[in-house]
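The opening position of the sequence shown corresponds to residue 0 in numbering that gives the first Met the number 0, with each subsequent residue numbered one higher.
Check the hints yourself; a few may be wrong.
[Stated by the list, open to error] Listed next, the in silico DSS-like pairs over lysine-lysine satisfying Cα-Cα at most 25 Å (straight line):
#1 K45 / K34
#2 K47 / K34
#3 K52 / K42
#4 K62 / K52
#5 K45 / K62
Hints listed in this document are in silico derivations from the structure and should not be mistaken for laboratory results.
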Amino acid sequence: MELAGNIIKLSSCSGLTFLLLSEVYSYLPDPAAAKRLLEVLSKALKFKIDMEKLDIEIQNRKKL
Numbered sequence: 000m001e002l003a004g005n006i007i008k009l010s011s012c013s014g015l016t017f018l019l020l021s022e023v024y025s026y027l028p029d030p031a032a033a034k035r036l037l038e039v040l041s042k043a044l045k046f047k048i049d050m051e052k053l054d055i056e057i058q059n060r061k062k063l
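Let the sequences and hints guide you as you build the complete structure.
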């Protein structure tokens with residue numbers, strides 16, 4: 000799976016902060032792009048995340 004986006008590193012006194020951006024082709028929020036980004040991030044950082052609500056939102060968007 001390809002992550003189309005940029006990682007911007009911002010440093011602060013309390014440590015490192017990262018902002019992950021995922022490319023979308025609309026001005027509207029894209030839950031499918033968010034899911035792809037979270038899948039890559041959770042795999043890289045070895046944690047699990049419940050994406051049930053995100054899957055519901057993806058299905059709702061497909062109905063529109």
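Okay, the hints, checked on the actual structure:
Using a Cα cut-off of 25 Å, the hinted pair K45 and K34 holds, with the two alpha carbons roughly 16 Å apart. Of the supplied pair hints, the one linking K47 and K34 holds, its CA atoms being roughly 12 Å apart against a limit of 25 Å. Only pairs whose Cα atoms come within 25 Å are accepted, and K52 paired with K42 is accepted, the gap being roughly 19 Å. Between K62 and K52 the alpha-carbon distance is near 16 Å, which keeps this suggested pair within the 25 Å criterion.
The straight-line distance between the Cα atoms of K45 and K62 is roughly 33 Å, outside the 25 Å bound, and the hint therefore fails.
The structure does not agree with numbered hint 5 stated previously, though it agrees with all others.
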